[in-house]
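**Student:** These protein sequences, in sequence, are chains A and B.
Under this note's numbering, the first residue of the first sequence is numbered 1, with each subsequent residue one higher.
Under this note's numbering, the first residue of the second sequence is numbered 1001, with each subsequent residue one higher.
No lab work stands behind these hints: they were computed from the structure.
For each residue, glycine too, the CB sits at the ideal point set by N, CA and C.
Everything hinted at is true.
The following label-pair restraints were derived from C-beta to C-beta distances:
id: 1; chain 1: B; residue 1: Ala1131; chain 2: A; residue 2: Gly160; range: 56 to 64 Å
id: 2; chain 1: A; residue 1: Glu51; chain 2: B; residue 2: Ala1078; range: 48 to 56 Å
id: 3; chain 1: B; residue 1: His1039; chain 2: A; residue 2: Glu51; range: 31 to 39 Å
id: 4; chain 1: A; residue 1: Glu79; chain 2: B; residue 2: Arg1239; range: 55 to 63 Å
id: 5; chain 1: B; residue 1: Arg1265; chain 2: A; residue 2: Ala168; range: 43 to 51 Å
id: 6; chain 1: A; residue 1: Ala168; chain 2: B; residue 2: His1335; range: 16 to 24 Å
id: 7; chain 1: B; residue 1: Glu1297; chain 2: A; residue 2: Glu51; range: 47 to 55 Å
id: 8; chain 1: B; residue 1: Asp1027; chain 2: A; residue 2: Glu79; range: 46 to 54 Å
id: 9; chain 1: A; residue 1: Glu115; chain 2: B; residue 2: Pro1334; range: 41 to 49 Å
id: 10; chain 1: A; residue 1: Gly145; chain 2: B; residue 2: Glu1297; range: 53 to 61 Å
id: 11; chain 1: B; residue 1: Asp1286; chain 2: A; residue 2: Tyr193; range: 40 to 48 Å
id: 12; chain 1: A; residue 1: Ala168; chain 2: B; residue 2: Pro1237; range: 42 to 50 Å
id: 13; chain 1: A; residue 1: Ala168; chain 2: B; residue 2: Thr1261; range: 36 to 44 Å
Computed far set for chain B versus chain A, every beta-carbon distance over 10 Å:
id: 14; residue: Asn1021
id: 15; residue: Asn1049
id: 16; residue: Ser1053
id: 17; residue: Arg1075
id: 18; residue: Ser1098
id: 19; residue: Ala1131
id: 20; residue: Glu1191
Derived list of chain B stretches under chain A, where covered just means 3 residues or more per stretch with a C-beta under 8 Å from a C-beta of chain A:
id: 21; stretch: 1087-1095
id: 22; stretch: 1105-1119
id: 23; stretch: 1333-1342
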Amino acid sequence: MDDPVSLSALQHFVFCPRQCALIHVEGVWADNSQTARGHQTHERAHGGGTEVRDGVRTLRALPLVSRQHGLAGVADVVELLPDGSPRPVEYKSGKAKPRLADEVQLCAQALCLEEMFGADIPEGFIYHVASRGRREVAFTLELRGAVLDARDGVRALLRGGVLPAPAADDRCRLCSLYDECEPFAPRDFPAGYDPFSTRMDGGS
Amino acid sequence: MRTLLNTLYVQTQGSYLRLENDNVRVDVEGARVAMLPLHHLDGVVVFGNVLISPYLIQRLGREHKPVTWLTESGRFTARTETPMSGNVLLRVAQHAASGDPARTLAVARYIAAGKLQNQKAALLRSARDAAEADQPILREAARDVNGQIGCLPLAGTVDEVRGIEGTAARAYFGAFSHTLRVNRDFFWLGERTRRPARDPINAVLNYAYTLLAGDCAGACQQVGLDPQVGFLHALRPGRASLALDLMEELRAVIADRAVITLINRSQLTPRDFILHAGGSVTISEDGRRTLIKHLQERKQETVKHSLTGRDTPLGLIAHVQARLLAQHLRGDRPHYPPYLHR
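Given only the sequences and the hints, what does the whole structure look like? Please build it.
**Tutor:** As structure tokens, then:
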């Protein structure tokens, strides 16, 4: 059986397959101001232990696994409703990302929780730290399918295929791996770059 | 964003390094001589009898900051392997390429081209600063190196590439002492001699190359390449062939330039060398310290990278090149682009 796919890899994959391959296959990591804020956000979400308020128990940094779907990771926050049914809450420091990356990550948490708690989970929440807003995400069949597609995509990457091509679009501005990826740099030699040049003026 | 951090070099014999909060504390004879925040360091290099506490070794390992042990005279003995060392898929691709004569030849030719371009540029640059009598000799050598660049595309085997490189090296080092403006009766260079060096220039060049090779091996390790599997350098047990390959493009730019500058500024003088009976020469501890300090400062200087066009600290070029080579080996780039210094 394949190793479980990590929930963070799913999120990276949906955002950009190349970013996912750089981090999880090539072992590249780089921090920028956004990832640094993300670490702080998660540290805050993971601190504090368990608390009960209005009959809702809040679990933090809960290890998750789904044998059925081959997923594993850690949930920032899981709320247990008075009837014991879990709802995942993912903390995000930034704004909502394009391409449902955070929604897929959240839904993957729900798939794990459904298996671990034997419950049906119709929805979860994404909490945006900056706006202090919580938005509901419904776990539709379509979103559940997207989780499994992303899982298969991550597995294909880990099996060692070629690095996917750069996205080279709006996403790249948000990406901490811009320097390692070089999405807009030419893949082949650009004009004026000639290692075999025999010019004698110091240029090449 | 990878930033250039400092490498901590410790060559005072008997010093002790340990972790104190998030700092490296350096003690000599029981007294604190330095306190360096860990997040300013990208690695630690120690020479000879220097102790490091297990907690510090482990912390550096967890943060993927290698510890390198050299002998007191600067020969490599060991480097820590960290959890991020080595990407197995990249290594498999590297080994496959190294077993494919056509791919090996292509990479070797580009590495040699980078080396020769940078030797040519260094000679032309020295010619601009040289005394009038030396200028024609340096230009002539640059033309000879350039002639060998013209031969590279025709080379059909890696052995031919090595031959071309050797011919260029003879022209380059034949003119090397003409780049010097002071102490020329003392600083002379016969042929390249390694162990032992037979003249002061070889002694200091060998030392500079050892430090640079360590940086290049570290760069291979950081991007997950196997430092021992090279393309231009023959595979030989115990030799970091790929680190030596990566170093080729940087020898003239970093090491040779440092030696020329330090001698011309009289920061390295005959007093920094020990002439042994029998004709071998070594560089003194003070001389080594001068060289290390200069190289550390030089690594902070930014250059515009010839391929990416980005301002990059000179000390990160080895890392960038290792990354570009990894991209080529994993099929992300059709060719390996060598670093061409302007």
